[in-house]
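Enquirer: Read off the chains here:
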Amino acid sequence: MQPGTMVMTFAAFCLPFLGAAAAPALTRLLGHRAAWPLALFPAAIFLHFAGFLPEVGRGEVVTGGFAWVPSYNVSFSWLIDGLSLAFLLLISGIGTLIVLYSGGYLKDHPHQGRFFAFILMFMGAMLGLVASDSFLMLFVFWELTSITSFLLIGFDHAREAARRAALQALIVTGGGGLLLLAGLLVLWNVTGVTQLSLLLAFGAEVRASPFYLAILLLMLGGAFTKSAQFPFHFWLPNAMEAPTPVSAYLHSATMVKAGVYLLMRLNPVLGGTTPWETILPAFGGLTLLVGAVLAIRQTDLKLMLAYTTVASLGLLVMLTGLGSEHAVAAAALYLVAHSLFKGALFMVAGIVDHETGTRHITGLGGLGRAMPITFAAAVLAALSMGGLPPFFGFLAKEEVYAALEGDSLRSVAFTLAAVAGNALMFAVAFAVALKPFLGARVETPKAPHEGPLLLWLGPLVLAACGLAAGLFSAAVHPLLSSPLASAMAGAPTTVDIGPVPHASLALLLSAVTIALGVAVFVALDRARAAADRLVADIGWGPDRGFDQVISGLVRLGHRLARWLQPGLMEVYLTVTFVVVALALLVPLAWYDEWPRPPLWPADAQFHELAVMALALIGVGGVLTASNRLNSILALGIQGFSVALLFLLFGAPDLAFTQFMVETLSVVILTLVMTRLRLQPRDARPLAQKLPDAAIAIACGLGFSLYLLRVTQSRFDPVLTDFFNLYSKAIAHGANVVNVIIVDFRGTDTLGEIAVVMITGLAILSLIRIRKSTTAPAGSAAEGKPAMRPAVNVGKEKQR
Amino acid sequence: MEALFSILIGVFFAAAVYLMLSKFLVRILLGVAIFGNAVNLLLFTAGRLVPEVPPIIAAGLDRQLAVTANPLPQALILTAIVISFSFFAFLLVLSYRAFQDLKTDNVNEMRVAEPAAEAAPPTGY
Amino acid sequence: MNTVIFRTLAPFLTALMLLFSLFVLLRGHNEPGGGFIGGLIAASALAIYGIARGIRPVRHALWFHPMTIAATGLFLACLAGLVSMVAAVPFMTGLWIYPSLFGVEIPLSTVMLFDFGVYLVVVGAITSIALALEREDF
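Chains as they are written, first to last, in my numbering: chain X, 781 to 1579; chain C, 15 to 139; chain V, 172 to 309.
Keep in mind the hints are simulated off the structure, nothing from the lab. Take these hints with a grain of salt, some might be off.
Unchecked claim - Where chain V lies over chain X, by a calculated footprint (3+ residues, C-beta under 8 Å): (1) 1432 to 1438; (2) 1443 to 1454; (3) 1523 to 1535; (4) 1538 to 1547.
Said to hold, decoys possible - Derived lysine-lysine pairs resembling DSS-like cross-links, with alpha carbons at most 30 Å apart: (5) C:K37 / X:K1469; (6) X:K887 / X:K1226; (7) X:K887 / X:K1215; (8) C:K37 / C:K117; (9) X:K1469 / C:K117; (10) X:K1215 / X:K1226.
To be verified - Simulated DEER-style distance windows between Cβ atoms: (11) X:A1310 / C:Y139: 29 to 37 Å; (12) C:Y139 / X:S1493: 55 to 63 Å; (13) V:S271 / X:F790: 50 to 58 Å.
Quantities reported herein were computed from a predicted structural model and do not represent experimental measurements. Beta carbons are placed, not taken as given, at the ideal position from N, Cα and C, and that holds for glycine.
Here chain X stands alone, though its shape is the one from the complex:
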C-alpha cells in the first residue's frame, strides 16, 4: 500500500470519532440540519473505501497499519479483502443515509447532538471491527460496538424499558465478547499468530488441534450472542426500544451482522469440519424458524421487522455453516440484500411512526395517498425482501435454494426450514409494506402526511439500490459479491447469478415460497393468533429467564456482601489475622519445614540481652497500661529499645531515625491522647479474650518460627554484595544505606516521600474539615456531631 493511501485509510478509521466529537457543537449551531455536514464524514469514508473496489475485485488484499506495542507483538493493523470491503461499504454507505435520517427523525430532540455523537462513534467501532487484522483490535472494537449499542438503545434513558433493553444487550453481547476474547487467546496459543491475515495459513493446524472444539465453541459463543442466534435472540427485539435510526442501522444492517462477519471470516480456518457443519446450520435453521414464527405474532411494525432480522441472521449462519460454494455465494448475496431492504423497511416503519404517531399495524391503513414516496420505498424494499425478480433479494434467494439442493435427509430438512422461514418473512415484508398504506383510512393519533426529505431519502435510496443491484448484477458481482464470497470461502469463487429467472428447482422452490407467503399474508390475523397461542403455551422464554438471572444476581450479591462485609472491624481483623497465622504455620507443617530448636547464642552480650528485656518490658507495659500516660510511656520504652537494638547491630541510620520518630511519636501521642479516652481496663470478656489471645499467640508463634526457619537456611548475599561492590565505585557514596535510598532505589524513595507528603495533606484536611463545619454553626458547642454522618449517610443509601 502506498504510504499516502495508508495515512488516508488510517484517517478514515479516525474520522467517525472526530465527527462524534464535533457533533454536539454542530448540532447546537445548526439544529437538525447538522445532519448534512455530519453525513459528510461517513460519505467521505464510503468514497475512500469505494476506491479499493477495483483492487480488491482483482482478488488483492489490502493490508496496512503500524506496530502499536512491538514488544508484545500487538499492532494496529487492518486487513481489507472482499469480506471487509463489503462490510465497510455497507457500514459507511448506510451510515451516511442513517445520519441524514436521524436528522429528520430526531428533529428538535434536546439531545440530538448526543445521538449523532453516539451513532458516529458506533460507526467508527464497527468500521474498526470489520477491518481489524490484529486479534486485539478485533476484540476492542467488538466490545466498543457493544458499548455504543448500549448507549444508543438506552438513549431514551428516562424509560425503564429502554434501560432494561440496553443493559440486556450489553450483558449478552458484551459477555459474548469475553468468549470471543477467550477464543482468540486459545487461537493465539495454538497458532502463535495474532493477526487474522496470518491465521489463514494455519487452517489445517487449527482444525487438527485438540483445542479445536474449545476454539469453535468460544467463537460461536461470541458470534451467536452478537448475531442474536437462538437462544440468545431475545435481546434483539428488546433493542427496538432504541430510536428507529438505531434499529435500522445497528440492529438490522450492521452490528448484528458482526457475528456473521466473524463466522464468515473464520470459515476458511474453522469451517468444513463436522462440528461446524452441524452446529451452525442447526442453530441457524432453528433461529430462522423461531424468528419467523415470532415475527408473525407481532403487531408492532418494528418488532415484526426485528424478528425477521433474527430469522435472516439465522439463515445467514445456516448458509455459512453449510459452506458449499453455492452456500457461500448465497450468504454473500443475502448479506448485502438484507442490509439494503431491512434498513429501508425499518426506516419506513420509523417514518410511519413519526408521521402518524403509531406503528401498530392494526391501527394503520390507507396511508398510501398521504405518503406516496414512503409507500414507494416500502414496496421496493418489500419486493426485494420477498425475493421477487429482478430485485437483489431474488438473486439471494435463488442462490440459497441452489445451495440447499440435494437428496439427503439433511438437505430436505434445511430446504423445508428455508422455505417455511422465507414464506413467513415474505408475509411479514408485505404486511409491513402494504397494510399501513392500502385499504381504508384508519384514524391515527397524528394526521398523516409525507415526511420531509431527510426522512424519506434514506429508505428510498436503499430500496432503489436493492433494485439497481439486481438489475445490474453483472457489474456488481465482480466488484462486490465475488470478492466477498472468495474471502469467505478462502478460495477464488465467482458469483454469476443473474436477475432473469430460469427454470430450475430453485425457481420452483421460490414459487412455492411466494405462494405460501401470499397465503400467510392473506390469513395474517389467523396466523398471528396461532403463533400467539403457541408462544402462550410455552410460557417461559429466555427473555424472562434474563430477568430472573439478573434479580437473582442482585439478591446473591446483596447477601454475599452482607456476609463478607458485616461492617464489624473485629470480624475483619480476626479473619485477617487468622489467615495470617494459617499462612505462616500451614506451609511449615505441610512441607515439614519446622526450624531446628534454637541454641542459646554463645556470643550474646549482656547489654544486648538487657535491651531486649527492656523492649519486652515496654511491650508488656503497653498491654497492661490502664491510663494514657503509662501507655505512652511504655510505647516509648518499646520504641527506644528498638532503636537501641538497631544501634547495637550496625544500623546507626536506623537508630537515629527511630530515635527521632519515637520522640515525635511521644510528642504527638501526648497531644492527641490527652483528648482521647482510654478505657482503664481492656473491657474484653473472658470469652473473647481467650480466642483473641489464641489468635495473637498463633500469629506471634508463626512469625517466630518462620523467621527462625529463614535465618537457619543459607543466606544469599547476592544483592548485598552488589551494593557493597558498587556503591562507592559507581554511585560515589560510602554510606551504602544512603546510596541505596537516594540512588539505586531512588524512584522508590520518590514514591515514598510522595506518600509522606500525602499523609501530611490528609491530616491537614482532616483537621480543617472539622474547623469549617463547626465554626459557623457552632453545633459542637451544643454537643451534636457536626456532620451527623450516621443519619445523613443512612438516608442517602436508602434513596
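Position chains C and V against the provided structure of chain X, taking the given hints into account.
Expert: Below, chains C and V alone, put in the same frame as chain X:
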C-alpha cells in the same frame, strides 16, 4: 542471636495482634505502632545480624571489604520507619476525628459506611 | 512545658538542631545520616519550638507554610530525577559534576539534590502534622 530476635519479634507480633483485636480505638492504635516495629525488626533480622559494624565503606577504599551489617534491609526499614510514622499520625488524627464526630471509641458502634440493617438494592432496571 | 528555662532555651536548641540537621543531611552520603534523618531532626526542632513558644511564632519564623516546603521538596526530588533526561540516560540516573570553588573541588550531584528534596518533604510534612496537632482547638 537471630534465634533470640525471632522470639522477641514473635512476642512483638503477638502483643500487636492482641491489641489490634480489641474493640477500642486507642488499643488498636497502640497495636499498630508495635506492629510497625515488629515488621521492621523482622526485616532487619531476616537480613542477618552483624554486631556493631555499620555498612560504611572505609575511606580510601573503593568497595566494602570488611564484614558489615547488611545495608539492604536497612535501606528498606529506614523509609518504612518514616512512612509508618506518618501513617500512624494519620491514624491517630482519624481516630480522634471519629471519636469526636461519632461520640464513641468502640469500632463496633461505628456503622456509618456499613450500616447494620441495609435494605436490599432494588431489582428493577 | 511552659517553664521559663525551657522557653528561653528553646530558640537556641532549635537553631542548633536545625544546623545539626543540615550537617546530618550533607554528610549522609558518606557517613550515617541523610535526608530522612536530617528532616526528622529539623522537624523535631520546630516541634520543640512550637511547644515552647506556641505555633504562631513557628509559622512566622518558617515564612512559608510547611506544606509548601514539602511540596518544594517533592518538586526538587522529581527535578533531580528528570535532569537525567537532558543527559539522555534513564530516569533517576545519578549525575555528578565537580566544579572547583576557590581551589576546592566540590562534588555536586543530582543525588544530592534528591536527598535535599527528601529532607524538605520530611521537614515540611512532619512539621505541618506536628503544628496542626499542637493547635488548641482542633
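Enquirer: Would you mind marking each hint as holding or not holding in the structure?
Expert: Going down the list of hints, with the structure as the test:
1. 1432 to 1438: holds (count 4)
2. 1443 to 1454: Coverage by chain V holds for the stretch 1443 to 1454 of chain X (6 residues, Cβ < 8 Å).
3. 1523 to 1535: holds (count 7)
4. 1538 to 1547: holds (count 6)
5. C:K37 / X:K1469: holds (11 Å)
6. X:K887 / X:K1226: holds (17 Å)
7. X:K887 / X:K1215: Roughly 27 Å separates the two Cα atoms, so the pair holds.
8. C:K37 / C:K117: Cα-Cα ~15 Å, so holds.
9. X:K1469 / C:K117: holds (25 Å)
10. X:K1215 / X:K1226: holds (18 Å)
11. X:A1310 / C:Y139: 29 to 37 Å: At 32 Å between Cβs, range holds.
12. C:Y139 / X:S1493: 55 to 63 Å: holds (59 Å)
13. V:S271 / X:F790: 50 to 58 Å: Holds, since V:S271 and X:F790 (Cβ atoms, about 56 Å apart) stay within the stated range.
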